[in-house]
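The task is simple: from the sequences and hints, build the whole structure.
Top line first, the protein sequences correspond to chains A and B. Going by this note's numbering, 47 is the number at position 47 of the first sequence; the sequence numbering is gapless. Going by this note's numbering, 111 is the number at position 111 of the second sequence; the sequence numbering is gapless.
Worth flagging that the hints you see were computed from the coordinates, not collected in a lab. Each hint should be verified, as a subset may be incorrect.
Below are the DSS-like pairs computed for lysine-lysine, each with C-alpha atoms no more than 30 Å apart in a straight line [stated by the list, open to error]: (1) A:Lys3 - A:Lys595; (2) A:Lys61 - B:Lys53; (3) A:Lys79 - A:Lys61; (4) A:Lys771 - B:Lys7; (5) B:Lys44 - B:Lys7; (6) A:Lys3 - A:Lys449; (7) A:Lys433 - A:Lys644; (8) B:Lys62 - A:Lys61; (9) A:Lys771 - A:Lys141; (10) B:Lys44 - A:Lys61; (11) B:Lys17 - A:Lys55; (12) A:Lys63 - B:Lys44; (13) A:Lys330 - A:Lys157; (14) A:Lys566 - A:Lys492; (15) A:Lys55 - B:Lys40; (16) B:Lys17 - B:Lys40; (17) A:Lys79 - A:Lys391; (18) A:Lys449 - A:Lys650; (19) A:Lys63 - B:Lys7; (20) A:Lys55 - B:Lys99; (21) A:Lys141 - B:Lys53; (22) A:Lys61 - A:Lys391; (23) B:Lys40 - B:Lys99; (24) A:Lys157 - A:Lys304; (25) A:Lys304 - A:Lys141; (26) B:Lys44 - A:Lys55; (27) B:Lys47 - A:Lys61; (28) B:Lys47 - A:Lys55; (29) A:Lys314 - A:Lys157; (30) A:Lys586 - A:Lys3; (31) A:Lys567 - A:Lys3; (32) A:Lys777 - B:Lys47; (33) A:Lys771 - A:Lys391; (34) B:Lys7 - A:Lys55.
To be clear about the criterion: a stretch of chain A counts as covered by chain B if any three or more of its residues have a C-beta under 8 Å from a C-beta of chain B, and this derived list gives those stretches [stated by the list, open to error]: (35) 126-133; (36) 235-242.
Backbone N, C-alpha and C define an ideal beta-carbon position, used for all residues, glycine too.
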Amino acid sequence: MFKTTPEVGGMGHSIKRKEDLRFLQGKGNYVDDVHLPDMVYGHLVRSPYAHARLKSINTDKAKQLPGVLAVITGEDLAKANLAWMPTLFFDKQMVLATGKVLFQSQEVAFVIAEDRYTAADAAELVEVEYEELPVLVDPHKATDPSSPILREDREEKSNHIFHWEVGDKAATDKAFQNAAVRADVHAVFQRCHPAPLETCGCVADFNRATGRLTIYLTSQAPHAHRTLFALVGGIPENNIRVISPDIGGGFGNKVPIYPGYVCAVVGSLTLGRPVKWIETRSENLQSTGFARDYHMTAELAADKDGKIQALRVKTLADHGAFNAAAQPTKFPAGLFSICTGAYDYPSAFCEVDGVYTNKAPGGIAYRCSFRVTEAAYLIERAVDVLAMELKTDPVELRRKNFIRPEKFPYKSALGWSYDSGNYEGAMNLALEKIGYQQLRKEQEEKRKKGELMGIGVSSFVEIVGAGPAHTFDIAGIKMFDSAEIRVHPTGKAMCRMGTKSQGQGHETTYAQIVAQELGIPAADVTVEEGDTDTAPYGLGTYASRSTPVSGAATAVAARKIRDKAKKIAAHLLECSEEDLDWEPGKFFVKGAPSKSKSIQDIAFAAYTNMPEGMEAGLEAVDYYDPPNLTFPFGTYICVVDIDKGTGEVKVRRFVAVDDCGNVINPMIVDGQIHGGLTEGLAIAFMQEIAYDESGNVQGGSFMDYLLPTAVETPHWETDKTCTPSPHHPFGAKGVGESPNVGSPAAFVNAVVDALSHLGVRHIDMPITPWKVWNILKQKGVIS
Amino acid sequence: MALRIEKTFQVDQPIGKVWSFLSDPTKVANCVPGAQITEKIDDKTYKGSISVKVGPSVTDYKGEVHILRLDAQNYEIEIQGKGQDVRGRGSASMTMTGKLATLDGRATQVTSTSEVNVVGILAQMGSRVITEVSNIMFEKFSENFQALLQQSSDQPVAVAIDAKPAAPIEPGSIAWQAFRQMFARWLQVLKNLFSGRSV
Chain A
1 MFKTTPEVGG MGHSIKRKED LRFLQGKGNY VDDVHLPDMV YGHLVRSPYA HARLKSINTD
61 KAKQLPGVLA VITGEDLAKA NLAWMPTLFF DKQMVLATGK VLFQSQEVAF VIAEDRYTAA
121 DAAELVEVEY EELPVLVDPH KATDPSSPIL REDREEKSNH IFHWEVGDKA ATDKAFQNAA
181 VRADVHAVFQ RCHPAPLETC GCVADFNRAT GRLTIYLTSQ APHAHRTLFA LVGGIPENNI
241 RVISPDIGGG FGNKVPIYPG YVCAVVGSLT LGRPVKWIET RSENLQSTGF ARDYHMTAEL
301 AADKDGKIQA LRVKTLADHG AFNAAAQPTK FPAGLFSICT GAYDYPSAFC EVDGVYTNKA
361 PGGIAYRCSF RVTEAAYLIE RAVDVLAMEL KTDPVELRRK NFIRPEKFPY KSALGWSYDS
421 GNYEGAMNLA LEKIGYQQLR KEQEEKRKKG ELMGIGVSSF VEIVGAGPAH TFDIAGIKMF
481 DSAEIRVHPT GKAMCRMGTK SQGQGHETTY AQIVAQELGI PAADVTVEEG DTDTAPYGLG
541 TYASRSTPVS GAATAVAARK IRDKAKKIAA HLLECSEEDL DWEPGKFFVK GAPSKSKSIQ
601 DIAFAAYTNM PEGMEAGLEA VDYYDPPNLT FPFGTYICVV DIDKGTGEVK VRRFVAVDDC
661 GNVINPMIVD GQIHGGLTEG LAIAFMQEIA YDESGNVQGG SFMDYLLPTA VETPHWETDK
721 TCTPSPHHPF GAKGVGESPN VGSPAAFVNA VVDALSHLGV RHIDMPITPW KVWNILKQKG
781 VIS
Chain B
1 MALRIEKTFQ VDQPIGKVWS FLSDPTKVAN CVPGAQITEK IDDKTYKGSI SVKVGPSVTD
61 YKGEVHILRL DAQNYEIEIQ GKGQDVRGRG SASMTMTGKL ATLDGRATQV TSTSEVNVVG
121 ILAQMGSRVI TEVSNIMFEK FSENFQALLQ QSSDQPVAVA IDAKPAAPIE PGSIAWQAFR
181 QMFARWLQVL KNLFSGRSV
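Written out as structure tokens, the structure is:
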């Protein structure tokens, strides 16, 4: 690939993030920074019970409090047919409860007042009478005849949501019958939460004079949300404008539409004033989209030499009270069938059952392409358990089973067509960087001294870039994405995108793509996203799709502009188009490089001196429908030491080798890897949204749901290999999610490896000191 | 959230007198900070309320207390209480077994075992905070109980009860005390750790 100068800052340059100038100065503009004249505030009354019948709601006292403008209940919404709303996955969800509540913190009433404090105080005055009902917390008991039926609204009187299976069951079963070695692992990927620094919120502003509804929204997918508001609310789509201002982290948490948004909209329609609703931290953790909660069993069958023959997976998915899975795939378990991983074997069978419980609804794809994290964790744990069974080195077992580079495009046993990969290459680099053989020797010596040290390897494969129309849609809308580029007369450019950055650095990376394709310096390219009135239609940012889809659209749109620029250059240089060559920034006459026209000259001519018959302007739009998904991969290796006295696991070293194809901005990629690894660390060791037997949330604040700080976070060592995607316009694959997808298995494998000589095969996350300390006691390591 | 709380304390009163107090829910209730009996339904069933304020969160439980077992022979009582917050912020239930034992004829040992189940806002505070809150409430209870026993020797019981009316637990102080106790415990752990290391 042509390397532009640092001044141009095309692909491969670590230019500083443009958006950081305002973020670092505190000049970002988030939803809660939006202040409109006459704005009022909403506050939700929430259920203290996980399962209870609503006997009565008395709003009199709340309404009498000075400053209170309205109290909306589920019954009020029911009159407008808005008490329920559809979820993104063929279920429906209560906006405000009618009849009964199904999880603790469920939305029961919405109070609107002149200021935020009055709204919160008035919410305290709403008196709700409940009759407690038996609670279902354990998903394994969901289909027990003795368990209460949670969803009385459904025709099917069962807590079972779906059964989904994929693969060749007969061939898989046969492979298991004939297998010399079998290994299995039961792994729970616990319920966790993205906990973005900025919670969810909105300002709904219905203008009675114009009939237009403007919603400032923490939305990862503003256009899709506009369409859904139009479809559900019956408001003409041209009268809805969704503006996603700066977003302080999304990670999937800001993909669904939440009851608070709908209440704010209803409030604004009712009062004719802007209504702001901002979640508290606890509301965010307790009621908005959680992630994971997959209870998985994987079995591997192998021959005596350790060549894997088949994989069998059975999973129970806890979706909480409503199946609000924020995922646009056509499959109930998303892309979970990527669980065959980086390995080459002929047979696999995977089945997933989804159930309802009295927990918050979800789940969302937390920095992950719809269950890819669960899948990667499962197969990487299972391979380690098989290595233990075979008494072989987990690295050698992986090496033996990797899909060879020459086998791409590779068709997996569960039907995916992997675009490209060199799994052994990434692993070899990681092994070399960490000094694997030396570490194994050290471990052996430490074991003799009774010290606990472990090495964990994870060679993950991702599937990102949602996505091709055969696999995805949102409410029927195909999952293309878009870019619109306008080059101004002075040669500067404006890019408008269908995606929405939440911290990924889009204002920089899209500008770099334009710089690469057109030679206009990235500094001269302004990127704008998030306003549905101005941006071309797009499906938003999640699933590492921005670079694979909108990035591709940017390149294609830029190439359309280049095609026109070539015509103008030929006109200016008085030659034919065939006589021109291009290098980013200029067209020149073949063999006479001094006879050239820069892109800036051409831009000016596009408005002042275009060829006869050509329309003015230099701009293009592209809606890119990817032909396939992209498959980033990598190998992460983690070294841990365990303190026998406290059970604390210390991450001594962590090497992350990623391969995301061609890189736009290496510094941003590094930043993404650092952030995702830190989240992975938190999931592996610290975080869980747990529930007690009565359905009380036990991880509902940062007192109990822990965030890693600089103190807990180890030094991350990153490196990369480069295997471009063959079908992407500039060979990129997407990277934002890889570290969160690939790292949990590396951490857990390391801890289990440290304890494997004691007979430990698996430990469920989060691996807290208490858990480790108990294992050490149980195994007689400490008394 | 289910908690099991076991407590033992001693009072310098003969067992017979302590039993006469412990077996009377109106007297017991008046020793529980923030609690009161509002109505007697029959000999074994009472209506009552308790107000618990933890930090900014006030929960006013209203419900019933029922004596499940009263064994005067062995000085054992089993009480069940159930209540719902008046504003619908949650519920709590408790089964408490109280047992008396005489200590050298003069003093009496009170042992109580309680199974408490809390649902709602209060339960979200997590078992660490709730356990500390329970500890403080129990300490106050035992203080009040002893004071009541003491005062009843020379004053009418009603006065003693008035001495601690059914005021809610002091605003904020419970949370503060709970955190202080947790903090003190951590500090002790740290001290032990460092003194261990310096040796």
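So, going through the hints one by one against the coordinates:
For the hint pairing Lys3 of chain A with Lys595 of chain A, the CA-to-CA distance comes to about 22 Å; that is within 30 Å, so the pair holds. Taken as a hint, the Lys61 of chain A and Lys53 of chain B pair is honoured in the structure, with Cα atoms around 21 Å apart against an allowance of 30 Å. Distance check on the hinted pair: Lys79 of chain A and Lys61 of chain A sit about 23 Å apart at the alpha-carbon level, within 30 Å; holds. At roughly 28 Å between alpha-carbon atoms, Lys771 of chain A and Lys7 of chain B fall within 30 Å of each other, so this suggested pair holds.
The straight-line distance between the Cα atoms of Lys44 of chain B and Lys7 of chain B is roughly 24 Å, inside the 30 Å bound, and the hint therefore holds. About 53 Å separates the Cα atoms of Lys3 of chain A and Lys449 of chain A, which puts this hinted pair outside 30 Å; it is violated. Among the hinted pairs, Lys433 of chain A with Lys644 of chain A is consistent with the structure: their alpha-carbon atoms are about 28 Å apart, no more than 30 Å. The hinted pair formed by Lys62 of chain B and Lys61 of chain A meets the criterion: a straight-line CA distance of about 19 Å does not exceed 30 Å.
A hinted pair counts as satisfied when its Cα atoms are at most 30 Å apart, and Lys771 of chain A with Lys141 of chain A qualifies at roughly 25 Å. At most 30 Å may separate the alpha-carbon atoms for a hinted pair to count; Lys44 of chain B and Lys61 of chain A exceed this at roughly 35 Å. Between the alpha carbons of Lys17 of chain B and Lys55 of chain A the distance comes to roughly 45 Å, so the proposed pair goes past 30 Å and is violated. Distance hint between Lys63 of chain A and Lys44 of chain B is unfulfilled; the C-alpha atoms sit about 40 Å from each other, more than 30 Å.
Proposed proximity of Lys330 of chain A and Lys157 of chain A is supported: the alpha carbons are some 24 Å apart, at most 30 Å. Taking the CA atoms of Lys566 of chain A and Lys492 of chain A, the gap is near 17 Å; set against the 30 Å cutoff, the hint holds. Using a Cα cut-off of 30 Å, the hinted pair Lys55 of chain A and Lys40 of chain B holds, with the two alpha carbons roughly 26 Å apart. Only pairs whose Cα atoms come within 30 Å are accepted, and Lys17 of chain B paired with Lys40 of chain B is accepted, the gap being roughly 22 Å.
A distance of roughly 66 Å separates the Cα atoms of Lys79 of chain A and Lys391 of chain A; the hinted pair therefore is violated under the 30 Å criterion. Taken as a hint, the Lys449 of chain A and Lys650 of chain A pair is honoured in the structure, with Cα atoms around 18 Å apart against an allowance of 30 Å. Restraint check: the Cα-Cα separation between Lys63 of chain A and Lys7 of chain B comes to about 45 Å, which exceeds 30 Å; the hinted pair is violated. Straight-line distance between C-alpha atoms of Lys55 of chain A and Lys99 of chain B comes to about 39 Å, which puts the hinted pair past the 30 Å bound.
A distance of roughly 35 Å separates the Cα atoms of Lys141 of chain A and Lys53 of chain B; the hinted pair therefore is violated under the 30 Å criterion. Simply put, Lys61 of chain A and Lys391 of chain A have alpha-carbon atoms about 69 Å apart, too far for the 30 Å limit, and the pair is violated. At most 30 Å may separate the alpha-carbon atoms for a hinted pair to count; Lys40 of chain B and Lys99 of chain B meet this at roughly 23 Å. A threshold of 30 Å between alpha carbons decides the hint, and for Lys157 of chain A with Lys304 of chain A the separation of about 47 Å lies outside it, so the pair is violated.
As the CA atoms of Lys304 of chain A and Lys141 of chain A are separated by approximately 38 Å, the hinted pair breaks the 30 Å bound. A distance of roughly 28 Å separates the Cα atoms of Lys44 of chain B and Lys55 of chain A; the hinted pair therefore holds under the 30 Å criterion. Only pairs whose Cα atoms come within 30 Å are accepted, and Lys47 of chain B paired with Lys61 of chain A is accepted, the gap being roughly 25 Å. A distance of roughly 21 Å separates the Cα atoms of Lys47 of chain B and Lys55 of chain A; the hinted pair therefore holds under the 30 Å criterion.
For the hint linking Lys314 of chain A to Lys157 of chain A, the alpha-carbon distance of about 24 Å falls within 30 Å, and the restraint holds. A hinted pair counts as satisfied when its Cα atoms are at most 30 Å apart, and Lys586 of chain A with Lys3 of chain A qualifies at roughly 14 Å. Between Lys567 of chain A and Lys3 of chain A, the direct Cα distance comes to roughly 24 Å. Compliance with the 30 Å bound is thereby established for this hinted pair. Under the criterion of a C-alpha separation no larger than 30 Å, the hint pairing Lys777 of chain A with Lys47 of chain B is inconsistent with the structure, at around 48 Å.
Distance check on the hinted pair: Lys771 of chain A and Lys391 of chain A sit about 26 Å apart at the alpha-carbon level, within 30 Å; holds. For the hint pairing Lys7 of chain B with Lys55 of chain A, the CA-to-CA distance comes to about 38 Å; that exceeds 30 Å, so the pair is violated. With 6 residues having a beta carbon nearer than 8 Å to a beta carbon of chain B, the region 126-133 of chain A meets the requirement of three or more and the stated coverage holds. Restraint check on the region 235-242 of chain A versus chain B: 0 residues with Cβ-Cβ distances below 8 Å, three needed, restraint violated.
Checked against the numbered hints given earlier, this structure breaks hints 6, 10, 11, 12, 17, 19, 20, 21, 22, 24, 25, 32, 34, 36; the rest are met.
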